[in-house]
Amino acid sequence: MVHTSPRITSMIRLRTHDDGFWVPEGGMDMALGGYANRVARVDLTSGTVTYEEINEQDARLYIGARGLGVKYLLDNGATVDPDGPDNMLAFMNGPLTGSEATMSGRMAIVTKSPLTGTVSDSHIGGWSAARMRWAGFDALLFTGRAESPVYAYVEDGKVELRPATDVWGKGVHDTVPHFQDRYGDDVSVMAIGQAGENRVRFASIINEHDRAAGRGGMGAVAGGKNLKAVVIKASDDTMPKVEDRDAWRPVHQRALGVILDSEVTAPKAGGLSLYGTNVLMNPVNALGGIGTRNSQTTQFDGAEKISGETVRETMLVGDPTCHACPVACKIEVEVKDGPHAGVHMESLEYEPAWSLGANCDVDDPRVLAKLIDQCNDYGMDAIEIGNAISMYMEATQNEYVTGGGIVWGDTDTMVATVDQIALREGVGDLLADGTARAAEQIGHPELAMTVKGQAVAAYDPRAMKGEAIGYATSNRGACHLRGYTPASELLGIPVKTDPLEWKGKGELLKIFQDLHSFSDSLDLCKFSAFAQGAEEYASQYSVIVGEEMTADDVMVAGERIYNLERHFNNLAGFDGKDDTLPKRYLEEPGTGPAAGSVVELDEMKAEYYAARGWDDGVVPESKLRELQIVQ
Amino acid sequence: MIEAKLYATLRAIAGSKTVTLERQPDTVGAALEELIDRFPDLRAGLLSEEGTVRPFVAVMVDGRDIRHLDGLDTPLEGDATLDIFPPVAGGSR
Numbered sequence: 000m001v002h003t004s005p006r007i008t009s010m011i012r013l014r015t016h017d018d019g020f021w022v023p024e025g026g027m028d029m030a031l032g033g034y035a036n037r038v039a040r041v042d043l044t045s046g047t048v049t050y051e052e053i054n055e056q057d058a059r060l061y062i063g064a065r066g067l068g069v070k071y072l073l074d075n076g077a078t079v080d081p082d083g084p085d086n087m088l089a090f091m092n093g094p095l096t097g098s099e100a101t102m103s104g105r106m107a108i109v110t111k112s113p114l115t116g117t118v119s120d121s122h123i124g125g126w127s128a129a130r131m132r133w134a135g136f137d138a139l140l141f142t143g144r145a146e147s148p149v150y151a152y153v154e155d156g157k158v159e160l161r162p163a164t165d166v167w168g169k170g171v172h173d174t175v176p177h178f179q180d181r182y183g184d185d186v187s188v189m190a191i192g193q194a195g196e197n198r199v200r201f202a203s204i205i206n207e208h209d210r211a212a213g214r215g216g217m218g219a220v221a222g223g224k225n226l227k228a229v230v231i232k233a234s235d236d237t238m239p240k241v242e243d244r245d246a247w248r249p250v251h252q253r254a255l256g257v258i259l260d261s262e263v264t265a266p267k268a269g270g271l272s273l274y275g276t277n278v279l280m281n282p283v284n285a286l287g288g289i290g291t292r293n294s295q296t297t298q299f300d301g302a303e304k305i306s307g308e309t310v311r312e313t314m315l316v317g318d319p320t321c322h323a324c325p326v327a328c329k330i331e332v333e334v335k336d337g338p339h340a341g342v343h344m345e346s347l348e349y350e351p352a353w354s355l356g357a358n359c360d361v362d363d364p365r366v367l368a369k370l371i372d373q374c375n376d377y378g379m380d381a382i383e384i385g386n387a388i389s390m391y392m393e394a395t396q397n398e399y400v401t402g403g404g405i406v407w408g409d410t411d412t413m414v415a416t417v418d419q420i421a422l423r424e425g426v427g428d429l430l431a432d433g434t435a436r437a438a439e440q441i442g443h444p445e446l447a448m449t450v451k452g453q454a455v456a457a458y459d460p461r462a463m464k465g466e467a468i469g470y471a472t473s474n475r476g477a478c479h480l481r482g483y484t485p486a487s488e489l490l491g492i493p494v495k496t497d498p499l500e501w502k503g504k505g506e507l508l509k510i511f512q513d514l515h516s517f518s519d520s521l522d523l524c525k526f527s528a529f530a531q532g533a534e535e536y537a538s539q540y541s542v543i544v545g546e547e548m549t550a551d552d553v554m555v556a557g558e559r560i561y562n563l564e565r566h567f568n569n570l571a572g573f574d575g576k577d578d579t580l581p582k583r584y585l586e587e588p589g590t591g592p593a594a595g596s597v598v599e600l601d602e603m604k605a606e607y608y609a610a611r612g613w614d615d616g617v618v619p620e621s622k623l624r625e626l627q628i629v630q
Numbered sequence: 000m001i002e003a004k005l006y007a008t009l010r011a012i013a014g015s016k017t018v019t020l021e022r023q024p025d026t027v028g029a030a031l032e033e034l035i036d037r038f039p040d041l042r043a044g045l046l047s048e049e050g051t052v053r054p055f056v057a058v059m060v061d062g063r064d065i066r067h068l069d070g071l072d073t074p075l076e077g078d079a080t081l082d083i084f085p086p087v088a089g090g091s092r
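Going down the list, the protein sequences come from chains A and B.
So for the first sequence, numbering that gives the first Met the number 0 puts the first residue at 0; every next one is plus one.
So for the second sequence, numbering that gives the first Met the number 0 puts the first residue at 0; every next one is plus one.
Watch out, some of these pointers could steer you wrong.
[To be verified] Okay, derived cross-link-like pairs now, DSS-like style, lysine-lysine, Cα gap no bigger than 27 Å in a straight line: (1) A/LYS232 x A/LYS267; (2) B/LYS4 x A/LYS304; (3) A/LYS576 x A/LYS502; (4) A/LYS525 x A/LYS502; (5) A/LYS267 x A/LYS495; (6) A/LYS232 x A/LYS525; (7) A/LYS335 x A/LYS267; (8) B/LYS4 x A/LYS267; (9) A/LYS157 x A/LYS232; (10) A/LYS622 x A/LYS576; (11) A/LYS502 x A/LYS582; (12) B/LYS16 x A/LYS267; (13) A/LYS525 x A/LYS495; (14) A/LYS232 x B/LYS16; (15) A/LYS525 x A/LYS240; (16) B/LYS16 x B/LYS4; (17) B/LYS16 x A/LYS335; (18) B/LYS4 x A/LYS157; (19) A/LYS304 x A/LYS335; (20) A/LYS502 x A/LYS622; (21) A/LYS502 x B/LYS16.
Don't read these hints as lab results, they were simulated from the structure.
Fair warning: this is a prediction, and the values are worked out from it, not measured in the lab.
The shape of chain A in the complex, shown without the other chains:
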C-alpha cells in the first residue's frame, strides 16, 4: 500500500553547508517537496538570465522532467519554427532527480524537434541531472540565439553565460576535458560536437563523453542557439535528503529491493547488468525481429558476432553506472586489435549495434565501437545515422545514386561517411538532414524506415506488433521507448503476449506509454520498469513530494502527459494521417519466424485510438477537459 506522510515533514530539503551553502530561493516555501523550486530562463539573444519558481499546479498535473518540459514548450508555442531562435530547449529535472531514490539520475531535454516537427524529449543518465538538482535547479529554459558561441555555467543556484569560442569546432571528447580541466572533477558537461554546430538534424547532446540525449535533434537546436555546452558544478554534499526517514525507509527499501531481486536488473547477475542492453541482440534475432539491410529481411546471420555476449567476452573493460543506480548497465569497451585498436568508449548499446550493424550488414563489433564512438564525439544520434546510411546503401544496391554509393558492409566508407555527415561534406550533407529527407531527395522516399521523419529502432514491427503500433503513434516519431512493449512480447512483463498477434496491442501500448510518461517525469530510468511498477512510482512520489498518490493516479498523470504531447502535436499540424508506417512494413512480409507477417496498421490504429479516446489521432476537447489539460 502507498505509504504517505504529512506534506511538510516529508519535503526534501537541501542540506545547508556549515559555511552557509546557498539554499534555493523559495524552495522552503513551496508546498510540494522534491522540487528545488527554481527555474532559470536564459535568453541567449539578450544574454539575460531570470529566475522563477515552479508553478505548483503545473507540477501537480505534469510532475516534472518530460511532462513539465512539454508544458513549458506548449506555453512557448506549438507552432514556433524548430530551426529558429524562438524554439525552446529545456533541460528538465523531475522531483526525484538527484535524490536518494534508486535510478534517479535522469533528466529530460525537451524541444520542438528539427527532425520531426513534433515535440520531443530525450533523456540522459550519468551525473549531470543529479548535479543540476544539487546545484539548485529544476529546469534550465533556453530561448533565443547568442551572437557568438557560449556555454552556460551553472553553480550554486546561478547560471552565467560565458564565451565558448575556444571550444567551438571541437568534438565532445575534447570539450568535456576542457571544462573538467578548468573547473575540476566535480563538474558535469553536456555538450554538442561539430554535428550540432553544423545543424545536423539528428545531432545529439552528449553528457559526460558518451551518454547521449540521442534522439530528436536536441544538439541541432543547441547549435542553432550557439550554445556549446551546459557545465554544472556541484557535489553530493548538497544532495537532497528526505527528512522523514521513517516514511522513506520502507518505501525506498521496497523500490530498491525489487531492482536487486529482479532476474533482469539484479546487479552483477541479471542480463541487463551483465551484458548491457545489447543482450537483446540474440533473442530479438531469434524471433525474427532484427531488420537487416535496411529492413529488407528480419533476421541477421551475424547477430551472435555483435551480441552482448560476444562484446562482454571480447571487449568489455568496465561497467560504469549512473547516480543512485546499482544495475550499472553501461558497457565500457576497448578495441584490442584491428584497424580501430585503441578505441575506448562507453557504451556499446543495442540500438546502435543494430542500426549500424545488422541494418548495414556489419558483423564486427570493433567497427561498431568505432562508429558509435565517432557519433558520440561529433554528437549524433547513432540510431538515425545507421538508418540513414542503410537507406543510402539500399539506394546504392538499387542503382538510385550516382557515383560509388555505399555498398553493404563497407565499413571503411561508413567511417568516412560519419565524418562527412557531421561536417556536412559531400554525401554527408544529404544524409545530415535525416533519413526521410535524404530519401526524398534521392527520389525514393519508400526507402526511409521512418515515422514522422524519425527512423525506427531495433525491433522490426513485422515481428513485434506492439512496436508496430508504438512506432506509428509515437509522439516523437518512430521510437521504441515511448511504450516499451517488448517487455511484454519478449519477457512477459506485465503479461506475456504473442509478438505476432496484433489484437490487444493498442491497449497494451497505451498502458506502457502512460506508465513511461510518468516515470520519465519523475525522472527515473525507464529500466526501473523491468522491476518496479506504478505502485513503487506512486509510493516514492508520495513520500518525496508529500502528496498522496496511488497507482491509479500514476496512470492518470501519465495519460495526461501523453495527451499533452499529442495536443502539442495536433496544434503543430499533426493528426492521424501522420500515425503511419513505411510501406515496407505493410506490404513486404518479414522473414524467418516472421515469415508472412506484415503489419495490420488500420486495425491496430482503430484499437489504439479507441483506447485513447482520440478522433483520428486528435485529442478531442472533451478528453482535454477530462484530463485537466484545458479548463
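Please build the complex by placing chain B on the supplied structure of chain A, with the hints as guidance.
For chain B alone, kept in the frame of chain A given last:
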C-alpha cells in the same frame, strides 16, 4: 540431432554456446530434461519448483516462444531450432 542454443548467463553454466541433444527428444520438456540431467545447475535458472518454465525465461522453437505453442509439450522436429534465453531486456537511447 537437435542443438540447444544457450544464451547469456546460461552459457557459463553449460560451458558452451550450444549443446547437442543426444537423446533425440521429441518435446521441449524432454529436451530440457536432458539438458538439466547433463548440467544440473541449469535447473534453478530454467524451471520453477513445480517443474514449469520460470517466468521471463524464453524458450523458443523455430523462433516461437513455447508460451504461445504447447509449452513443455511443444513437439521438436529433427531440424528444429531450440533457443533458450534467461531473463533479458534492454533498449537504449
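Here is what the structure says about each hint:
1. A/LYS232 x A/LYS267: violated, 31 Å
2. B/LYS4 x A/LYS304: holds, 14 Å
3. A/LYS576 x A/LYS502: With a Cα-Cα distance of about 21 Å, the restraint between A/LYS576 and A/LYS502 holds, given a limit of 27 Å.
4. A/LYS525 x A/LYS502: Distance of about 25 Å is within 27 Å: holds.
5. A/LYS267 x A/LYS495: Holds, at roughly 25 Å.
6. A/LYS232 x A/LYS525: holds, 26 Å
7. A/LYS335 x A/LYS267: holds, 24 Å
8. B/LYS4 x A/LYS267: holds, 23 Å
9. A/LYS157 x A/LYS232: holds, 11 Å
10. A/LYS622 x A/LYS576: holds, 20 Å
11. A/LYS502 x A/LYS582: Distance ~21 Å between A/LYS502 and A/LYS582 Cα, so the pair holds.
12. B/LYS16 x A/LYS267: holds, 20 Å
13. A/LYS525 x A/LYS495: holds, 19 Å
14. A/LYS232 x B/LYS16: violated, 47 Å
15. A/LYS525 x A/LYS240: holds, 23 Å
16. B/LYS16 x B/LYS4: holds, 6 Å
17. B/LYS16 x A/LYS335: Roughly 23 Å separates the two Cα atoms, so the pair holds.
18. B/LYS4 x A/LYS157: violated, 56 Å
19. A/LYS304 x A/LYS335: The given pair, whose Cα atoms are some 16 Å apart, holds under the 27 Å limit.
20. A/LYS502 x A/LYS622: holds, 24 Å
21. A/LYS502 x B/LYS16: Violated. A/LYS502 to B/LYS16 sits at ~35 Å, over the 27 Å cutoff.
In summary, the numbered hints that this structure violates are 1, 14, 18, 21.
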